[in-house]
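**Student:** Sequence:
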Amino acid sequence: MNLSFFNLALAGYLLAGIFYFIQNIFRKKLFAKFAALLLLLGFTFHTLYIIIRWREAGHFPAVGMYEALVFSLWAVALVYFILKKAYQLEFLKIPLSLLAAIGLAYASTLDQSLKPLMPALKSNWLVIHVSSYCLSYGALLLSFISSAMYLFFSPKKNASTADKLDSLSYKLVLFAFPFLTLGLTTGAVWAKKAWGNYWSWDPKETFALTTWLIYALYLHLRLTKNWQGRKSALLNLIGFFCVLFTFFGVNYLFKGLHSYL
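For our numbering, add 146 to where a residue sits in the sequence shown, where the first one is 1.
Bear in mind the hints are in silico, worked out from the structure with no lab data behind them. It is possible that some hints are incorrect.
Heads up, simulated BS3-like pairs for lysine-lysine below, C-alpha to C-alpha not over 25 Å straight-line [as the list claims (entries may be wrong)]:
#1 Lys-231 <-> Lys-174
#2 Lys-377 <-> Lys-310
#3 Lys-268 <-> Lys-350
#4 Lys-175 <-> Lys-230
#5 Lys-268 <-> Lys-338
#6 Lys-317 <-> Lys-377
#7 Lys-310 <-> Lys-371
#8 Lys-179 <-> Lys-231
#9 Lys-339 <-> Lys-261
#10 Lys-268 <-> Lys-339
#11 Lys-350 <-> Lys-339
#12 Lys-350 <-> Lys-261
#13 Lys-175 <-> Lys-231
#14 Lys-179 <-> Lys-230
#15 Lys-231 <-> Lys-317
#16 Lys-230 <-> Lys-310
#17 Lys-230 <-> Lys-317
When you get a sec, could you build the whole thing from the sequences and use the hints?
**Tutor:** Written out as structure tokens, the structure is:
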């Protein structure tokens, strides 16, 4: 298929990250405005590519590692634009731009061929299940970046910035958790319809549940034990490493019902 929009999206994200970095050095508003425009263009081209891929594939484009990664990266950018003003996500513009570019560059090395859907995947649950997970993973990636930056900008170095990043990490997990829960529950309902069981302890199911439990613990400790700062950030990082293993590692290390990914 035509990869023009894919390449334009990659270029937009990469140039946005570069110009945001330059703006941080020279403090010129013009660079920031240009970078913001490039980021928006990158997201627009990314959206157009997904729409075209959907039309050409004839199914929701989130099946297989290539499509899942491209769609997940789009979801990260979507969450950023939705929450940018409400959550003051300006801290994340450089890592978001560069990670989106690196992610698409990696995706370009994967198998991009269009394949027919397996019979079990021909369901409306595909859109709900995958979209829920991708939105949650998008917010959790941004939360992970916030926690990593918090550990770098420790309260001893910059208390004000560290406090904002700690609060931002928590807000993003709060946003992500309902979508994470929806992804898990719709997956169980869909599994019952497709394979006859709500739960089969498939490796991806198991690690998806582990991820959910880690973030449930994170929220529980924040809300009831007033866990903040370093301990909270470290638990958040552990949670996202589990997300990464669920998304990537399980597919390469284990065989199961989700091996088609």
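**Student:** Looking back at the numbered hints, which does the structure fail to meet, lowest number first?
**Tutor:** The structure conflicts with no hint, since it agrees with every one listed earlier.
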